[in-house]
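Quick note, the sequence shown lines up with residues 15 to 402 if you use the working numbering.
Each hint should be verified, as a subset may be incorrect.
As the list claims (entries may be wrong) - Pairs of lysine to aspartate or glutamate, DMTMM-like flavour, derived with a Cα cap of 20 Å: (1) K187 / D241; (2) K340 / E364; (3) K332 / E366; (4) K176 / E113; (5) K176 / D220; (6) K176 / E131; (7) K238 / E361; (8) K187 / E159; (9) K216 / D162; (10) K182 / D220; (11) K204 / E159; (12) K124 / E70; (13) K340 / D320; (14) K187 / E131; (15) K182 / D241; (16) K124 / D144; (17) K182 / E135; (18) K216 / E172; (19) K30 / D320; (20) K216 / D168; (21) K124 / D73.
Read the hints as simulated data drawn from the structure, not as lab findings.
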Amino acid sequence: MRLSGPESLSLKDQVKFDVLLQIEVLSGCEHSCTGCFVNKHGDESVVDGVLSRAKELSDSIKTTGLNLREFVIGPTDFFSASNTNYILNHSITQSIMSEHTGARIATPAKFDLTSDERFQEIFDILDDSDKYRDNMIIEFVTPIESYDTMVNDDEYFERVMKRVDFFKNHTPKQMDWSWTLQSSAILGRKIDKSQYTEILNKSINDYETILEMNPAFARAPAHKQKDNLIAWNNFLSTVIDKDNCNNATISMANLYCNSMNFMGLTILQGEHEVETHLNVMLHEQAFFPKNDRTNVTGLNFNEILDRRDALITEGINKFSSHPLYKDSPYIIALASRLVWEAIVSMELDETESVLPMDVLSLFNPTEQGDHLWNDDALIYMNMKEEAA
């Protein structure tokens, strides 16, 4: 995103280590998005416990000298959740955001469909300078309502742009937002390449924002995760090509981002206690509650860093001998994103690719299989001037 996207820096230019904290606390949602697997009816009584763990970790991030980049509030719609006001008015939420002056709030947000009254009610809290600093970045990730509505409905377009005008001119916050296209929309509505191209062009040229490709496959039941992932990879290979890749925004594709200098953690109420899980940066910040290796509940922050390092080392070893990846130039980046843990969690065999390698090659060009991060790659991607 313009303000809140992770920096796309070469290794020699990466000078800080970013951490993302994601809390699963929002309860309730008015929408019925195709294929949604999110629990809309979470127990609101667990919010205080989850926030307390987030505060403990955020304090450790600061004392360790790392950088809290994003505080993600999920998993349901920010505007129609029943407890959004409680969370925003909570002293812990406000404390985290005041102590980490470079951090932003990010959240799934259907601001396009919420009422004017509810929209203003939320911003009355966010824009209270006694609660949140005026220049704080807020990032809204907005699922696409439908292809036809997003592309062809003029009344809907005007409604969205009215909100965008508010973001630009009527709040002291630094607002970022993007559309997100999820696997449920792809698989349920059978979006083809021509429709994808229209959505992409409409996002950039008319809505003046980006289109994130965020499948949320890990939200599906365990027996559906693999099928959703494979279908998503096939879709990406179908719609992404050399002509449109520079306009497409895909979290997994740019290996400058969210690799060596990044860690994500998800905090939620488990069956018996508040749990903490290392995120797998695959297509998005996914987490796998049944993977004991990425479950870091009860560990202090330094122990979490040690666990992450151990998983990265194992991932490098596994990728280096795997028939699909052993000759890939992406081994270190994939291991650092803990992508091996997605393979373990979904029980992918040696013929099932966890990522569409043809798509990766469009975003991370190499010369004769060498030099993943270098000037030649930037020149090849026509990004030299932008990166300078």
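Structure-based check of all given hints:
1. The suggested pairing of K187 with D241 is violated, with an alpha-carbon distance near 40 Å, which exceeds 20 Å.
2. Between K340 and E364, the direct Cα distance comes to roughly 12 Å. Compliance with the 20 Å bound is thereby established for this hinted pair.
3. Our distance criterion of 20 Å between C-alpha atoms is met by K332 and E366, whose separation comes to about 15 Å.
4. For the hint pairing K176 with E113, the CA-to-CA distance comes to about 32 Å; that exceeds 20 Å, so the pair is violated.
5. Pair hint K176 plus D220 holds up; C-alpha atoms about 13 Å apart against a cutoff of 20 Å.
6. This hinted pair checks out: K176 and E131 have alpha carbons roughly 14 Å apart, not beyond 20 Å.
7. For the hint linking K238 to E361, the alpha-carbon distance of about 12 Å falls within 20 Å, and the restraint holds.
8. Annotation: proposed proximity of K187 to E159 is violated, straight-line Cα distance about 25 Å (limit 20 Å).
9. As the CA atoms of K216 and D162 are separated by approximately 11 Å, the hinted pair is consistent with the 20 Å bound.
10. Restraint check: the Cα-Cα separation between K182 and D220 comes to about 15 Å, which is no more than 20 Å; the hinted pair holds.
11. Distance restraint check for K204 and E159: the Cα-Cα separation of roughly 14 Å lies within the 20 Å cut-off, and the hinted pair is therefore satisfied.
12. Between K124 and E70 the alpha-carbon distance is near 30 Å, which puts this suggested pair outside the 20 Å criterion.
13. Straight-line distance between C-alpha atoms of K340 and D320 comes to about 25 Å, which puts the hinted pair past the 20 Å bound.
14. Between K187 and E131 the alpha-carbon distance is near 19 Å, which keeps this suggested pair within the 20 Å criterion.
15. Restraint check for K182 and D241: not satisfied, since their Cα atoms lie roughly 41 Å apart, outside the 20 Å limit.
16. As the CA atoms of K124 and D144 are separated by approximately 26 Å, the hinted pair breaks the 20 Å bound.
17. For the hint linking K182 to E135, the alpha-carbon distance of about 18 Å falls within 20 Å, and the restraint holds.
18. Only pairs whose Cα atoms come within 20 Å are accepted, and K216 paired with E172 is accepted, the gap being roughly 13 Å.
19. This hinted pair checks out: K30 and D320 have alpha carbons roughly 18 Å apart, not beyond 20 Å.
20. Using a Cα cut-off of 20 Å, the hinted pair K216 and D168 holds, with the two alpha carbons roughly 12 Å apart.
21. Taken as a hint, the K124 and D73 pair is broken in the structure, with Cα atoms around 31 Å apart against an allowance of 20 Å.
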